[in-house]
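Student: What follows is the residue order along each chain.
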Amino acid sequence: MTLMKHLLGAGATLALMAGAAFADPAVIFDMGGKFDKSFNEAAYNGAEKWKAETGTAYKEFEIKDNAQREQVLRQFAEEGVNPVVMVGFMWGDVLGKIAPEYPDTKFAIIDMVVDAPNVKSVVFNEHEGSYLVGMMAALASKTGTVGFVGGMDIPLIRKFGCGYAQGAKAVNPDIKFISNMTGTTPEAWNDPVKGAELTKAQKAQGADVVFAAAGGTGMGVLQAAKDEGILSIGVDSNQNYIQPGSVLTSMLKRVDNAVYEALKEGENLTPGINVMGLANDGVGYAMDEHNAALVTPEMQATVDEAAAKIKSGEVVVHDYMADNTCPAAEF
Amino acid sequence: MDYATLLQVLDSSIRLATPLLLACLAGLYSERAGVFDIGLEGKMLIAAMTSASVAAIYGSVWLGLVAGVLASMAFALIHGVASITFRGNQLISGVALNFVAAGITVLIAQHLFGQGGRTPSLEGAARFLPIDLPLAGAFASVPVVGTLYAEVISGHSLLVYAAALLVPLTAFVLYRTRYGLRLRAVGENPASVDTAGVSVRNLRYSAVLITGVLCGLAGVYLACALQAGFGRDMTAGRGYIALAALIFAKWRPWHALWACLLFGFFQALALRPDVVETVTFMKVPVPFLDALPYMLTVIVLAGLVGKAIPPRAGGEPYVKER
Numbered sequence: 001m002t003l004m005k006h007l008l009g010a011g012a013t014l015a016l017m018a019g020a021a022f023a024d025p026a027v028i029f030d031m032g033g034k035f036d037k038s039f040n041e042a043a044y045n046g047a048e049k050w051k052a053e054t055g056t057a058y059k060e061f062e063i064k065d066n067a068q069r070e071q072v073l074r075q076f077a078e079e080g081v082n083p084v085v086m087v088g089f090m091w092g093d094v095l096g097k098i099a100p101e102y103p104d105t106k107f108a109i110i111d112m113v114v115d116a117p118n119v120k121s122v123v124f125n126e127h128e129g130s131y132l133v134g135m136m137a138a139l140a141s142k143t144g145t146v147g148f149v150g151g152m153d154i155p156l157i158r159k160f161g162c163g164y165a166q167g168a169k170a171v172n173p174d175i176k177f178i179s180n181m182t183g184t185t186p187e188a189w190n191d192p193v194k195g196a197e198l199t200k201a202q203k204a205q206g207a208d209v210v211f212a213a214a215g216g217t218g219m220g221v222l223q224a225a226k227d228e229g230i231l232s233i234g235v236d237s238n239q240n241y242i243q244p245g246s247v248l249t250s251m252l253k254r255v256d257n258a259v260y261e262a263l264k265e266g267e268n269l270t271p272g273i274n275v276m277g278l279a280n281d282g283v284g285y286a287m288d289e290h291n292a293a294l295v296t297p298e299m300q301a302t303v304d305e306a307a308a309k310i311k312s313g314e315v316v317v318h319d320y321m322a323d324n325t326c327p328a329a330e331f
Numbered sequence: 332m333d334y335a336t337l338l339q340v341l342d343s344s345i346r347l348a349t350p351l352l353l354a355c356l357a358g359l360y361s362e363r364a365g366v367f368d369i370g371l372e373g374k375m376l377i378a379a380m381t382s383a384s385v386a387a388i389y390g391s392v393w394l395g396l397v398a399g400v401l402a403s404m405a406f407a408l409i410h411g412v413a414s415i416t417f418r419g420n421q422l423i424s425g426v427a428l429n430f431v432a433a434g435i436t437v438l439i440a441q442h443l444f445g446q447g448g449r450t451p452s453l454e455g456a457a458r459f460l461p462i463d464l465p466l467a468g469a470f471a472s473v474p475v476v477g478t479l480y481a482e483v484i485s486g487h488s489l490l491v492y493a494a495a496l497l498v499p500l501t502a503f504v505l506y507r508t509r510y511g512l513r514l515r516a517v518g519e520n521p522a523s524v525d526t527a528g529v530s531v532r533n534l535r536y537s538a539v540l541i542t543g544v545l546c547g548l549a550g551v552y553l554a555c556a557l558q559a560g561f562g563r564d565m566t567a568g569r570g571y572i573a574l575a576a577l578i579f580a581k582w583r584p585w586h587a588l589w590a591c592l593l594f595g596f597f598q599a600l601a602l603r604p605d606v607v608e609t610v611t612f613m614k615v616p617v618p619f620l621d622a623l624p625y626m627l628t629v630i631v632l633a634g635l636v637g638k639a640i641p642p643r644a645g646g647e648p649y650v651k652e653r
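One line per chain: the protein sequences are A and B, in this order.
My numbering applies: residue 1 is where the first sequence begins, and numbers increase by one.
My numbering applies: residue 332 is where the second sequence begins, and numbers increase by one.
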C-alpha cells in the first residue's frame, strides 16, 4: 500500500513537472556568473531579450563548481526542459557524455563543438573581431607599440591575440607587438592586480594601447590603463563604459545573439556547428558615446573597409586554433 | 637591460611585495605564538571586499580601511575561538575560513551593488593614491641614486611605507619587549609560560588579532590602493605565497622582508619575459618564473639552506594540566 502510494505520488509529481516544464527552455551559465560584465552576462542579456519578446519564462542555473555540471544537465534533461542552452567551453566534455543519453532533448553549447545529433554548437570567429580591434589599436597608437594581455594561456586566448596582432600589422607592418599571458591556472582569470602590473610593464616597453582578453583580470588592465593615461580595449561585452574615455573600443562577441537564436528556435533547434563570424554579425567592435571622442571617422572607415573585405572573403584572418601557429606573433 | 628598465622592474617588485610582506608579518605573529594560520588568504579577501564596499558607499578610503581591518579581525577571532578556546584543528579552521571568505565576499558584494560580485570603481578620496616623498622631484635629475629614489622609493601609496615600517617594529616587539619574549615562548613551550603565571590563552588571542589587523591592511592595499575596487578571488593565492615566504624567512621579521622582496622581484620578472631573455640569453618559460618562489621554499624546507624549524608548539592547542 505504502509502496503504491509512493509510486502514484512519484508518477503524479513527474506528470506535473512534465506539464509545467513543457517547452520551457533553460540557460546554464558558466563559473564567471551571470553578472560578469562580459561573457556570461551577454548570454543573460540574450535570454532576457527573448523573454521580453515572447513573454515566456526560462529556467536558469549558475554553477559554482565543476562537479555540478553533470548533475544540472541531467536534472534539466529529466525534467523535460527543451532546449538546454549552456555557455562556455568547459561544458564540452560533460555534454559529450550526456547528450547521447537524452536523444529527445535538444542542447545548445556556446564556444565549443560537441558532435552529437541533438546538439547545436555555436563557435565564434574571435580572430576576425580581434583583427578589427587590432587595426583600431594600431591606428590609435602614437608610439607604434601595442600590447595584449591574455588570461589563462589556452589556445582560445592565443586565437584572440593572434587575430589582434594580424590586424595591428595590417595597418602598420613595423608595429611592435607585446604579449603577456596572466598565468597557466584558472586563477589567471581573476587576478586584476597582476593584470594591472602587466599593463604597467607593457607601458614601460612603449605600449599605449592594451587589449585585455582576460576575464576579471581585464578589469585591472582597464584600470591601470586609465591610471597610466593610455588606452585599453575591452572584450566579449561592450566594456567601453567601465572606464569612459580610456577604453578605445571593445571586441564584441555576440553571445547574446547566439543565445537568443537558440531560444527562438526552441525545440526545433537545428543541430550541427554554427560559426558566428563577421559575416553574420557574430563578432564586431563596439562604438558608443563613451569612446566616440577616441575614434575618428577615418579610423572607423578604415576598420569598416577591412570588415567588408573579411566578410567578402577577400581578406582571410589566420585562425590560431586551426594549426596552433600564428604568422604575426610569437606566444 | 638598461637602468630605466631595472628601475621599472624594481618599482613593480615593491608594489607586488607589499601585500606579501603584510600577510607574511601577519602570519609571523600568529605562528610565533603557536597558532598556524593557513587562512591569511581568506582574511585578505574579506578585508579587500569590505574596504572596497565601504569606500565605495561612503567615498572615504579611511572608513574603508577601518572596516576592512575590522572584518579581517572578525575572521581572525573566529579562527582564535576555534583553535584556542575549542582546541580545534588549526589547519582545518583556516581552510574553512578561506572557503567562507571566497563565497561570502561575492555574495555580499553582489547583494550590495549587483555587479556580479564586484564593487564599483573607486575614485578620488575613496582610494589610496600614490604619494611623492619629499624632494622626489628635486632628486629626479640626479643620476643613479636620485632616479632610484624618485622612481622606485617614492610614488607608492601610504600602505607601502607603513608595511616597510612594520618590519623594524615587529623585530623590536618580538626581540626587545616583554610581550615579544612571552609571545615567542608561548609558541615554543606554552607550559613554561603558563607556569610563569602568564595566560597562554590571552597571549595567543592577542597574536591572532594582530594577524587579523595586518591581513586586513594587506587586503585593503590590494583593493583600495593597487586596484580601485574588489573583484572575486582577487587575492589570487597571495596568502599562500606569503606563507611560503614565512617559511623561507624561517619566521624572522627582517628575513621576511627580504623573502617578500625576492618573491616580489620574481613576480615582477615574470611580467617581463623580454628582460629575462636579454639578461640570460635564453628563453625562460614564464611558468618557471611563477614557480620559483615555491621551488625556493621547497629547497629551504628540504634543509639545503640551513634548517627551517617552525615554532615547536605550532599547531597544537594548549591543554592546561590539571
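Honestly, the hints are just simulated from the structure, not real lab data.
Where a beta carbon is used, it is the ideal one built from N, C-alpha and C, also for glycine.
Just to be clear, a hint being listed does not mean it is correct.
Said to hold, decoys possible - Computed footprint of chain A on chain B, listed as stretches where at least three residues anywhere in the stretch have a Cβ under 8 Å from a Cβ of chain A:
1. 441-453
2. 546-558
Unchecked claim - Derived CB-CB ranges, DEER-like:
3. A:301 / B:589: 54 to 62 Å
4. A:244 / B:469: 30 to 38 Å
5. B:431 / A:100: 22 to 30 Å
6. B:618 / A:96: 41 to 49 Å
7. B:629 / A:280: 32 to 40 Å
8. B:633 / A:280: 40 to 48 Å
9. A:68 / B:640: 39 to 47 Å
What the hints assert, rightly or not - Using 30 Å as the maximum straight-line C-alpha spacing, the simulated DSBU-like pairs for lysine-lysine come out as follows:
10. B:638 / A:176
11. A:169 / B:614
12. A:142 / A:176
13. A:49 / A:311
Student: Taking the beta carbons of residue 301 of chain A and residue 589 of chain B, is their distance inside 54 to 62 Å?
Tutor: holds, 56 Å
Student: Holds or violated: the stretch 441-453 of chain B covered by chain A, criterion of 3 or more residues with Cβ-Cβ distance under 8 Å?
Tutor: Held - the stretch 441-453 of chain B has 7 residues with a Cβ nearer than 8 Å to chain A, which meets the minimum of three.
Student: Does 30 to 38 Å hold as the CB distance between residue 244 of chain A and residue 469 of chain B, or does it fail?
Tutor: holds, 36 Å
Student: Given the hint that residue 169 of chain A pairs with residue 614 of chain B, test it: the Cα-Cα distance must not exceed 30 Å.
Tutor: holds, 24 Å
Student: Given the hint that residue 638 of chain B pairs with residue 176 of chain A, test it: the Cα-Cα distance must not exceed 30 Å.
Tutor: violated, 48 Å
Student: Could you tell me whether the CB distance from residue 431 of chain B to residue 100 of chain A stays inside 22 to 30 Å?
Tutor: violated, 39 Å
Student: Mind checking the alpha carbons of residue 49 of chain A and residue 311 of chain A for me, to see if they're no more than 30 Å apart?
Tutor: holds, 27 Å
Student: That 40 to 48 Å hint for residue 633 of chain B and residue 280 of chain A (C-beta), does it hold up?
Tutor: For residue 633 of chain B and residue 280 of chain A the Cβ distance comes to about 58 Å; the hint is violated.
Student: Given the range 41 to 49 Å, decide if the beta-carbon distance of residue 618 of chain B to residue 96 of chain A lies inside it.
Tutor: violated, 29 Å
Student: Against chain A, does the stretch 546-558 of chain B show at least 3 residues with beta-carbon separation below 8 Å?
Tutor: holds (count 3)
Student: Looking only at beta-carbon atoms, does the pair residue 629 of chain B, residue 280 of chain A fall within the given range of 32 to 40 Å?
Tutor: About 52 Å separates the Cβ atoms of residue 629 of chain B and residue 280 of chain A, which means 32 to 40 Å is violated.
Student: Measure nothing beyond the straight line between the CA atoms of residue 142 of chain A and residue 176 of chain A; if it is 30 Å or shorter, mark the hint as holding.
Tutor: Satisfied, since the Cα-Cα distance of roughly 12 Å is no more than 30 Å.
The structure shown violates the earlier hints numbered 5, 6, 7, 8 and 10.
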